[in-house]
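Residue numbers (the numbering used here), protein chains in the order written: chain G, 1 to 128; chain R, 1 to 289; chain X, 1 to 135.
Just so you know, these hints were derived from the structure itself, not from any lab.
Among the clues, some could well be false.
[Said to hold, decoys possible] Simulated pairs of lysine-lysine, DSBU-like, Cα-Cα distance not exceeding 30 Å: (1) K108(G) - K85(R); (2) K43(G) - K70(R); (3) K146(R) - K69(X); (4) K108(G) - K275(R); (5) K98(G) - K111(X); (6) K72(X) - K70(R); (7) K85(R) - K72(X); (8) K125(X) - K98(G); (9) K98(G) - K85(R); (10) K108(G) - K70(R); (11) K108(G) - K171(R); (12) K72(X) - K76(R); (13) K13(X) - K197(R); (14) K31(X) - K13(X); (15) K69(X) - K85(R); (16) K146(R) - K31(X); (17) K76(R) - K98(G).
[Said to hold, decoys possible] Partial list, computed: chain X residues near chain G (C-beta under 8 Å): (18) V18; (19) K31; (20) L32; (21) L36; (22) H118.
Glycine included, C-beta positions come from ideal geometry on N, C-alpha and C.
Listed below, chain by chain, are the residues.
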Amino acid sequence: MEHIPILKMGEYLLVSIQVDMHDQLAITLQNDLAEKIAKTGAKGVLIDISALDIVDSFIGRMLGNIASISKVLGAETVLVGMQPAVAITLVELGLSLKGMHTALNVEKGMQLLSRLTGKDQDYTSRKQ
Amino acid sequence: MADAIGKNYQKIISEKQDIIRDEWLKRLKVALEYQKDILTEKELNKNLDGFMTLFLKTIRSEEKDLLSGKEWKELKEHLSQIIQKWASQGFSIRETLSFLLTFERVLFERIREELGKEERENLDEFTGLEELLTELEEFVAEQHVKNREEIIARQQREILELSTPVVTLWKGILAVPLIGTLDSARTQTVMETLLQKIVETGSEIAIIDITGVPAVDTQVAQHIIKTIDAARLMGADCIISGIRPQIAQTMVALGVTFDVVTKATLADAFSIALKRLGFEIKEDRREEK
Amino acid sequence: MEAAIEEKTIKIKESNDVVTVRREAREYAEKLGFNLLEQTKIVTAASEIARNAIVFGGGGIARFTTIEKPDKRGLQISFIDHGPGIEDIEAAMKDGYTTGGGLGLGLGGTKRLMDEFHIRSEPGKGTSVTIVKYL
């Protein structure tokens, strides 16, 4: 079965989606991530979707689920690199993924993760 | 449908083409209140000669219906080039049409003069020519309107782009001063420009300043909210600034709320943005010497 | 007045076919000259409807047609399935509507992405959805 690779970097898990997401692959990723977080005790998950040229409601929902499941398992999720056209389309579609942490790129996403997981002591809440 | 043109007319027109052309040029210049800095003598002559040649070709055409021949097509093509140029130079429809109207007048006057008395009373075959010219005039009017519409549409697009500048206030902080009424088309442009700029500059904060937006109704608010949501999906936060007191009141009355920080002035928003990025703003209290 | 050129019909049956529909939609949209944002909207809309046709309609066909009118050009995509159909279309168009499986939101949101959205459904016979975007 096809899997999207999940990389482990210290306390974080890194996923970069580089292929055209079909529904089964999205479900598999959701399951794989849940298992991996539980197994490794990861504190954060970073999902890079800069290579995705569309996110429809199914993929959007899956991303939301991953964030919720991670949270339950004690890990924060940050979604990075969404393309402008994809963002506009998602909003128009009515799926704003409220409550999900986002960042412009992997680097900024990692910074956000360390703030969210308390590694960065100077962190003052982004949401005021 | 335009019937074939009688041989006698064809003969007159081609024999007298130089006279017709010169007289036409003279009258056209009067009609256009000719100024050579807008249209050079050379260009005008080229336009007229080209038309004359193609017109002669058309009326000599072997086609049963003159309007179906390739000569007619070429003639229209030539005309359409002239009109397009003129439209872009701001010629009015009256001026554009005068190109054909003066030609028609000169042409018919010349033919009447050349014809014998008997022939003059028997003007049956005149109809083909008239039909041809009417057809051309309609074509010109139509093309002219179409050209002007294209120009207007292009200008609207340009104004749209001009009116939505996205500026960098600081490394990582963008500002979009919105001016004028926000409709869907404009919001789309604003959204696209802003999001593109966020990617290009790697900015994490965008200040949307609505000082110049005359009214915020639910629809405008909806548009702004969409922009905020899309920016957030990409990983950038928005701050709204420039909410005037009366706009704040309407917003409350309409039950509109923005799910982000809102500030009264762009300055306030900027200072918040700087703080978020970790900058500190201090007043320099050195005494002046 | 609609003259169709390069029409193409593909079968949609399994969930993987959604990806095929996206790819075709992208190709058509690109060929017709839609900009990146419009392409993304079209592909996303096609993806939504294709999934509905497969998950709820048990599969069917997707037909891609280019629209050539004197004043405008566009892309039309039709999805036809012979599934159970939709009982209450009006309710199905509302945001947040779902028939279980967490797959609501599709129709109303999709309509916003396109210029035209037509749906016909007969309980027990199937559903056909046609979406259009103009250049």
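Okay, the hints, checked on the actual structure:
no., hint, in the structure
1, K108(G) - K85(R), "violated, 53 Å"
2, K43(G) - K70(R), "violated, 76 Å"
3, K146(R) - K69(X), "holds, 17 Å"
4, K108(G) - K275(R), "holds, 17 Å"
5, K98(G) - K111(X), "holds, 22 Å"
6, K72(X) - K70(R), "holds, 27 Å"
7, K85(R) - K72(X), "holds, 25 Å"
8, K125(X) - K98(G), "violated, 38 Å"
9, K98(G) - K85(R), "violated, 53 Å"
10, K108(G) - K70(R), "violated, 65 Å"
11, K108(G) - K171(R), "holds, 14 Å"
12, K72(X) - K76(R), "holds, 23 Å"
13, K13(X) - K197(R), "violated, 41 Å"
14, K31(X) - K13(X), "holds, 26 Å"
15, K69(X) - K85(R), "holds, 27 Å"
16, K146(R) - K31(X), "holds, 26 Å"
17, K76(R) - K98(G), "violated, 59 Å"
18, V18, "holds, 6 Å"
19, K31, "violated, 16 Å"
20, L32, "violated, 16 Å"
21, L36, "holds, 5 Å"
22, H118, "violated, 19 Å"
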